[in-house]
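Asker: Put together the whole structure using the sequences plus the hints.
Protein chains in written order, with the UniProt record's numbering: chain P, 1 to 272; chain E, 1 to 272.
It is worth saying that the hints were derived from the structure and are not from the lab.
A couple of the hints might just be wrong.
Heads up, the list lumps identical chains together, so a pair's fine if it works in one copy or across two of them.
Claimed, not checked - Only pairs whose alpha carbons sit at most 27 Å apart, straight line, appear in this in silico BS3-like list of lysine-lysine:
#1 Lys165 to Lys49
#2 Lys165 to Lys261
#3 Lys38 to Lys221
#4 Lys49 to Lys243
#5 Lys261 to Lys130
#6 Lys130 to Lys199
#7 Lys165 to Lys243
#8 Lys199 to Lys20
#9 Lys5 to Lys49
Number of protein chains: 2
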Amino acid sequence: MDKMKRAERMVAVMQVLMSKPNMLVPLTLLAERFGAAKSTISEDLLAVKESMRYTGQGRLETVSGAAGGVRYIPEINSEDANEFLVGLADRLSSPDRVLAGGFLYMTDLLYDPAILRPLGLIFAGAFREKKPEVVVTIETKGIPLALVTAEALGLPMIIIRHGNKVTEGTAVSINYVSGSSRRIQSMSLGRRALEPGRKVLLIDDFMKAGGTALGMMNLLKEFGADVVGFGVLMETPRESEPKLVDHYLSLLQLRELDPYKGVVRVIPQEIM
Amino acid sequence: MDKMKRAERMVAVMQVLMSKPNMLVPLTLLAERFGAAKSTISEDLLAVKESMRYTGQGRLETVSGAAGGVRYIPEINSEDANEFLVGLADRLSSPDRVLAGGFLYMTDLLYDPAILRPLGLIFAGAFREKKPEVVVTIETKGIPLALVTAEALGLPMIIIRHGNKVTEGTAVSINYVSGSSRRIQSMSLGRRALEPGRKVLLIDDFMKAGGTALGMMNLLKEFGADVVGFGVLMETPRESEPKLVDHYLSLLQLRELDPYKGVVRVIPQEIM
Numbered sequence: 001m002d003k004m005k006r007a008e009r010m011v012a013v014m015q016v017l018m019s020k021p022n023m024l025v026p027l028t029l030l031a032e033r034f035g036a037a038k039s040t041i042s043e044d045l046l047a048v049k050e051s052m053r054y055t056g057q058g059r060l061e062t063v064s065g066a067a068g069g070v071r072y073i074p075e076i077n078s079e080d081a082n083e084f085l086v087g088l089a090d091r092l093s094s095p096d097r098v099l100a101g102g103f104l105y106m107t108d109l110l111y112d113p114a115i116l117r118p119l120g121l122i123f124a125g126a127f128r129e130k131k132p133e134v135v136v137t138i139e140t141k142g143i144p145l146a147l148v149t150a151e152a153l154g155l156p157m158i159i160i161r162h163g164n165k166v167t168e169g170t171a172v173s174i175n176y177v178s179g180s181s182r183r184i185q186s187m188s189l190g191r192r193a194l195e196p197g198r199k200v201l202l203i204d205d206f207m208k209a210g211g212t213a214l215g216m217m218n219l220l221k222e223f224g225a226d227v228v229g230f231g232v233l234m235e236t237p238r239e240s241e242p243k244l245v246d247h248y249l250s251l252l253q254l255r256e257l258d259p260y261k262g263v264v265r266v267i268p269q270e271i272m
Numbered sequence: 001m002d003k004m005k006r007a008e009r010m011v012a013v014m015q016v017l018m019s020k021p022n023m024l025v026p027l028t029l030l031a032e033r034f035g036a037a038k039s040t041i042s043e044d045l046l047a048v049k050e051s052m053r054y055t056g057q058g059r060l061e062t063v064s065g066a067a068g069g070v071r072y073i074p075e076i077n078s079e080d081a082n083e084f085l086v087g088l089a090d091r092l093s094s095p096d097r098v099l100a101g102g103f104l105y106m107t108d109l110l111y112d113p114a115i116l117r118p119l120g121l122i123f124a125g126a127f128r129e130k131k132p133e134v135v136v137t138i139e140t141k142g143i144p145l146a147l148v149t150a151e152a153l154g155l156p157m158i159i160i161r162h163g164n165k166v167t168e169g170t171a172v173s174i175n176y177v178s179g180s181s182r183r184i185q186s187m188s189l190g191r192r193a194l195e196p197g198r199k200v201l202l203i204d205d206f207m208k209a210g211g212t213a214l215g216m217m218n219l220l221k222e223f224g225a226d227v228v229g230f231g232v233l234m235e236t237p238r239e240s241e242p243k244l245v246d247h248y249l250s251l252l253q254l255r256e257l258d259p260y261k262g263v264v265r266v267i268p269q270e271i272m
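Answerer: The structure is reproduced here in structure tokens:
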């Protein structure tokens with residue numbers, strides 16, 4: 001292949017880094033791949049860093065030394081984040097989302113990559129400094145949210161199952177009382193899914209009384225896990241419904257939902 | 001902000017496009033954002049396209065006309081894809097993955113964004129030309145795989161639930177016989193989750209006899225859906241276990257799993 005021009009090489013370097021977010025890419029690998037000296041790649045990276053000032057959508061982190069390299073950290077700036085949450089709250093406040101039984105229909109948004117991506121970046125931005133080592137959720141609706149958060153942080157995800165599943169091997173199982181249904185249920189996590197003493201970020205889609213969240217925390221205690229953060233997409237207001245857990249970040253609040261009048265009002269929370 | 005140099009602008013354009021994969025970004029938006037003429041941005045995009053020749057990791061698609069713009073299509077080249085599957089098959093062929101009952105432990109890999117990303121790109125590459133409009137899976141283990149495939153294709157995802165869930169509204173529910181357990185189970189999909197007559201790509205993690213797959217297809221018929229593709233990560237060999245469905249793409253094959261001897265052998269399939 002013929003020799004690349006500098007601008008072309010910078011774009012190609014950017015593409016390689018963004019294709020592997022959060023992964024350390026050695027400078028030698030970039031140098032070999034694009035047929036340039038390491039010092040040339042270093043200069044390119046300085047210019048690439050400079051370009052990122054203009055977008056506010058991520059940054060490069062350089063690790064020096066023999067085992068060093070560079071990684072792309074995806075980010076969302078607070079202006080974009082707040083604007084996105086205002087728009088999402090607005091879409092969720094639509095009367096045709098009110099379901100029988102007083103539930104809010106939100107799976108169309110919860111499973112849409114275009115909605116999930118910014119949510120993952122928001123959670124990642126809020127919890128990155130707590131240095132979680134794994135993102136944990138419980139099946140089913142919180143899984144996509146947990147996955148995009150894990151991806152934005154460059155971490156693996158773990159899914160707590162309802163009941164006990166044969167495909168997980170030896171598992172720890174606990175009973176818990178779901179705060180809203182008041183029914184006793186069980187949840188389990190495979191022994192080999194989580195090493196003892198890990199720093200965990202909990203992610204879930206919705207919190208009412210927090211019975212499920214409390215159950216997850218109790219289950220994680222059995223693994224000696226340290227829950228360093230807990231993020232939920234939406235909660236009911238704390239004043240009208242006391243929570244069984246403290247210290248969590250919710251992005252949206254369900255202020256009002258009246259299935260008889262067909263009224264729903266979701267508001268964004270102040271996040272940054 | 002001071003005026004950008006050409007190389008910086010090209011990198012910033014690349015970053016914006018890669019942050020919104022599969023989304024059409026109008027040239028006017030890029031021109032405004034980076035304070036350049038539309039013709040300048042057009043020239044930049046030609047050079048960016050040129051850069052991508054060097055990576056083989058995606059391409060730019062230009063849509064001309066008043067409603068036109070440019071979108072980034074993430075891709076994986078066949079060499080990287082095959083190399084990745086060989087490595088994955090090797091990791092899965094480890095005796096300590098054999099669980100009691102003859103199951104293979106694979107959730108650690110199935111929930112890891114670094115493993116999922118290439119898998120999503122492989123499925124997307126295999127099915128893009130079928131022009132699916134939505135990616136459908138069934139809870140739980142296939143969800144991350146379906147999500148990354150949907151993201152790589154720029155499509156929404158839909159999750160079929162076991163039983164019937166109150167948070168999905170009015171739902172269509174069917175009974176099916178899981179091929180491996182021979183038990184009658186039910187699965188359901190909310191009426192509003194899928195508009196009639198849509199082109200669907202089915203994604204699942206594992207196929208044994210295909211009873212669950214057949215159930216999903218029957219359920220989707222109730223929505224007038226056209227299943228244009230079906231991808232599974234792993235299957236048991238067709239010769240030893242006849243399948244209830246035809247025409248699917250599997251990436252890996254579980255050739256052998258002996259829980260008594262602790263032997264497991266997974267092989268990659270020829271995909272491109």
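Asker: Reference check for the pair Lys199 and Lys20, CA-CA at most 27 Å: within, between, both, or neither?
Answerer: Classified as within: same-chain Cα gap 23 Å, cross-chain 30 Å, threshold 27 Å.
Asker: Taking 27 Å as the upper bound on the Cα-Cα distance, should Lys165 and Lys243 be classified as within, between, both, or neither?
Answerer: Close across copies (24 Å), not inside one copy (29 Å); limit 27 Å.
Asker: What label fits Lys38 with Lys221 when the C-alpha limit is 27 Å: within, between, both, or neither?
Answerer: neither (47 Å within a copy, 57 Å between copies)
Asker: Please work out whether the CA atoms of Lys165 and Lys49 approach to 27 Å or closer within one copy, between two copies, in both situations, or in neither?
Answerer: neither (46 Å within a copy, 47 Å between copies)
Asker: Have a look at Lys165 and Lys261 and pick one of within, between, both or neither, based on CA distance no larger than 27 Å.
Answerer: between (41 Å within a copy, 23 Å between copies)
Asker: One pair to classify: Lys261 and Lys130, alpha carbons no more than 27 Å apart. Within, between, both, or neither?
Answerer: For Lys261 and Lys130, the Cα distance exceeds 27 Å both inside one copy (43 Å) and across copies (44 Å).
Asker: Using 27 Å as the alpha-carbon threshold, which applies to Lys49 and Lys243: within, between, both, or neither?
Answerer: Neither way: Lys49 and Lys243 sit 43 Å apart in one copy and 52 Å across, limit 27 Å.
Asker: Given identical chains, is Lys5 near Lys49, meaning Cα to Cα at most 27 Å, within a copy, between copies, both, or neither?
Answerer: both (18 Å within a copy, 13 Å between copies)
Asker: Regarding Lys130 and Lys199, is the shortest C-alpha distance of 27 Å or less found within a copy, between copies, in both, or in neither?
Answerer: Classified as within; 9 Å inside a copy, 43 Å across copies.
When each numbered hint is compared with the structure, violations occur for hints 1, 3, 4, 5.
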